[in-house]
Amino acid sequence: MNEGPDPAGLSSSHVIVNELGLHARAATKLVQLASRFEAEIELEREAQRANAKSVMGVLLLCGSRGTSVRIHARGRDASEAIAAIGALIDAGFGETT
Amino acid sequence: MSARPDEDGPATRPMTSVAVEPERVLRGLPAAPGIAVGRVVVFDRRTVLVSPASIAPAAIDAEVARLHQAIARSRARLEQLRATLDPTLEAEHRLVLDAHLLMLKDELLVTSTEAEIRNGKSADWALRHVVDGLVGRLAQAKERYLRDRTHDLEHVAEDVLRALTGTSTSLPPIREPSVLVASDLSVAELLALPREHLLALVTELGTVTGHTAILARALHVPTIVGVRLATRKVAAGSEVVVDARRGELRLDPSRDERAHAEQQVDRYRVFAGRLRESRDAQTRLADGTRIEILANLEIEVELDEALGENAEGVGLYRTEFLYLDGVVPDEEHLVEVFSHVGKAFAPRPVTLRTFDLGADKLPAPLSRERVHRAIDVAAAAPNPALGLRGLRLALALEDLFRAQIRAILRAAHDAPLRLMFPMVATVEELREARRVVDHARRELADARVPHGTVSVGAMIEVPSAVMLADVLANECDFFSIGTNDLAQYTLAIDRNDPAVAALASPLSPGLLRLLRPVIALGRERGLPVSLCGDMASHPLALPVLVGFGLRTFSMPASEIPFARALCARLDAKLCEDVAKRALACATEAEVRRSIVARLGATLGDLWDEHGLVL
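One line per chain: the protein sequences are A and B, in this order.
Just so we're aligned, residue 1 is where the first sequence starts under this note's numbering, counting upward by one.
Just so we're aligned, residue 1 is where the second sequence starts under this note's numbering, counting upward by one.
With the rest of the complex left out, here is chain B (with noise of 0.2 Å):
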């Protein structure tokens, strides 16, 4: 499960020929699952190069009529894309449509371009130059979300940059079955697309949570992210094989390859329809022990995704993404985002975890108000990773801290909510984060606001919480794992560090020794725990996690469908001797060999269709 998306070739390339041969294989993060064969659509949305040019007196007026048909032409596009932007969308996407409506009407866009022109230059010339300028001014904001306008801007002139250069200005038409390789994509780009013709999407930017792959998900398009140099690499109109479960894209393929890959394009339709069709709401291990899986949620559209594979409930609904657009949200839309998702899943349960900042998650700087100079602090840290981060940040907030548990007490008045705090290290944090509740509690009880009850949980993802379970578990009112962290902390690999990412594996012997004792502590006290990293999901890793005990996982909606089938096929008595034969090995590749071979005639069609590489 190891995608690393700056290797551009095969892992292991058979040293027979020192001839340099072409890339055969790009890489990427799978975005969506699936597999896909097809001819290639390429769409590079890079900058347009402009030449300094000038232009004769007499040329001068047609030259401004060819520069205000361009801006005509790119705003028809753009009032045509705002006219078919689905209504259910954030009214957020709108207002950004607006303000490159705004732009391209803008005096100090189109009357200086207008001057320029006017003093002998060509348009595209001309409007480069003046963009490059304000590019420039705002680029010297000390705010940076009016640096981020920068991008804004330069979309708007490229888009009309390319009106007035005659390069292809938008999307290219996809009128037969086609694989779009693209530098990026946006949500209302892929909106606009031919489902019905959209094989497969590859992408040289973009994230495996963000907008674009989590739409794409919903919509079941096989998409691989982060694919370097993948519009420069590969050739409009040559064939390629999509393997998105692997992040793999094969280019012309051998008509051996081509075979069998269609081969396994039609065992993945059968085997994702299968799927899809076990929507059961409850989830049973084969000798009928009950297994409860929840969803991960961070945005709106995952939401849905969740309701439609018929999630037990949230295990992990991460609020920070509210703090990250750049407007600090304030008490009463809180309670409107924690109420709209805790009613959706009503009556099952919604974990909201509190905003976990600091490290690579940081706001855009605020104000240069006192309680925004703890992010300063953060965005500093010599080492974000142990800096000033998650409860430890909420805490140096504590407005920002207080009007988030306010808000999840509010919304508790009327949906079954539990909180949750994240990388709780110590009992002092977990106890002054709970004074913060007990306060909040008083204050609107106090005030007469409406408020309910709400559980609260620690994540535990540090060691040192690990070694603390058993006093933590007297303080607390559930525990969630989070493998992701713990393994970086415990392991010292830096997530981000593609150099040593693919060490953190949740097979490593470290990590599976320090969960066993947690969720045996679990059931020993009655105590909830669930896991919500990566692992929860993992087709290795989730028989041995129930051999420890554990029943509840949460896990992206898009891996529910695949974990009830493992499920289906497992049994606790297996289970266990699994766990009990992994603990027994000394390196990540015992664990996985001993696993593969005690469950390899199990599950190993399942395996196979996962995408696994064993």
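The shape of chain A in the complex, shown without the other chains (with noise of 0.2 Å):
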């Protein structure tokens, strides 16, 4: 996880390994996590930022494999947040490829 600097909270990057990127199971499956935090996160992508509880946003940030997403949060378990979500993400959103 390489945290950066970020005015509003924290942020961590992190490339799509999964075959498919963010699919809707895999989206279905970051929603879900996001949901269970009370920080506001947030997904970007080459300059578009979707909420990152939003299932539609997130599909329609529609990052394929290897593109690069940064996760941002602001709240009070915004690092737990963005380390579950990372987790997830590095993981390939249990996918095994």
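These aren't lab readings, by the way, just hints derived from the structure by calculation.
One should not assume that every hint holds.
Listed below are the simulated SDA-like cross-link pairs for lysine to any residue, each with C-alpha atoms no more than 20 Å apart in a straight line [unchecked claim]:
hint, chain 1, residue 1, chain 2, residue 2
1, A, LYS29, B, LEU78
2, B, LYS105, A, ARG36
3, A, LYS29, B, VAL436
4, B, LYS105, A, LEU60
5, A, LYS29, B, LEU101
6, B, LYS105, A, SER35
7, A, LYS29, B, GLU107
8, A, LYS29, B, LEU97
9, B, LYS573, B, THR289
This structure is a prediction, so every number in the text was calculated from the model and none was measured.
Join the two chains into one complex using the hints; note that each chain is given alone, in its own frame.
Right, here's the structure in full:
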């Protein structure tokens, strides 16, 4: 995890490693996980941002394999949120490829 | 046995009157056999129409509340459905419902719709407008699996719209024995229906190999799929006769037709019951000749169906479905799937056919990586049936192919598996594919990964493979004849083209003449030969194949009881005579007549019960 300065909170960059990228199943898992945290969480890709608790937003971000996304989080459990979501992305959403 | 989904009326309508008659018979594809008479319940899932409507500022708060109530109702229904899902169903079905539930509370959907209402629009108009916008954005995605998500969003939105507009929201209640005529039906919906009241199922969409059709067969619900415009042509509450053996739906039967159909319902019940009783593990002709009946498998649900019918093994396990849901399965996952089916049947053998993709079956574009360029090439082929498909495509996708072969060898460690290549057209291809197998075996041995030995076979489904059968026989361990593709390539008929599909008959003399020498060669050389197309269970073709010397048949599990019943009436000598006569015929009609003439007395009642139109 490479945490960088974010005026509004914490952030961390991750590369999508699973074969399909942020497809529906992966997006569903990500949103389910993000929704467990109080923090405001956003995903950023190529200057586009989406609320990580919105499945439509995450789907519209269309991250395919190899693209890099940045997780931003602000709030009480921001660092836990970033760690958990980062781990999910790094692990390829539990898919094996 | 020709099913013509696009034909909306009897094939031969008497020309006595020129007046336009209302359609009396609708046709579709027989998906689960049986016959039923009953009253219709219609379930139409089509999009709810929404007209633009402005509302008064004073009504805005109430309208927002109405939206949230509708969403809550829709959510409660989804949650209830999720809770009642059969726990043995795959996690996949559950995750789809999870995605739908997330959409229902999505800010892009809900907050934006609320904002539109606060601009003075009605809730239904606002929701439709927001959904259309989101669908438009998703539809621009390059990835097909993302574009496909627009269907999910539409389903979710429709459900809320139905709640808003008071249109019947989900399946109508079925409180008495009824025939369900639906635009489309999901597996979960079919499971939720009261089986004791479901006489038959008719759908506009759906395919014979779809999940819903397979489940309908397992539940013994007579089913016809692909009946165009059925929900519009059939009136709710009207009476119909569903002959799912023939794929015919008769509207408003006359008293005579009704009485006749009711007789057939009773007879079919007795017939089906008798067939199900005779689930002997071994099939024999009347003279004691052993016939081996194997199952064709594609998806998990069919596995139980095949085990239930006591299949003597699996003659064709189609592996391509593992590649069609948008994710490339990795080796570990494949090992798991293959071991599971192998162990379920052990010690009976399971024949795994390496993925037969291309032509009409192409995976969603998976990524822009090198290996997948071949898939794009296959998708862009000017004539996919003659393009990069089957074994050719597998050899072009060598990484995927090798992973699959390795998985088969590994799964063979603790289950009797056989490996088979689709669409072998040349000896070179077979050699190249065998090299991949040898290479994978060496890799596994070097890495000390446990694996087993498999026999390696070739599908005979291209005319050149028939002509080369004697040389191919030197280079593999068994043959499996795929008559569907062989008919298509022999007769130059595209099975997906309704204008000509019916001409690809299994009784075509040209096809019969190609089959005989392959079967004879197998017997001479002691090379096992099986046959796995629709022909294997065809009520007229099966005796001819027995006459050619074929002893191993592979077919959908639902056809096994019928094939056994046919075999029990036949003997090898009789079949040889039938085959000899069939080979002497010049036309398909002559072949048909000659079989009927020779076997009518022996098999006539079985043909009749099966719904064969002579």
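Hint check, failures only: Number 3 only.
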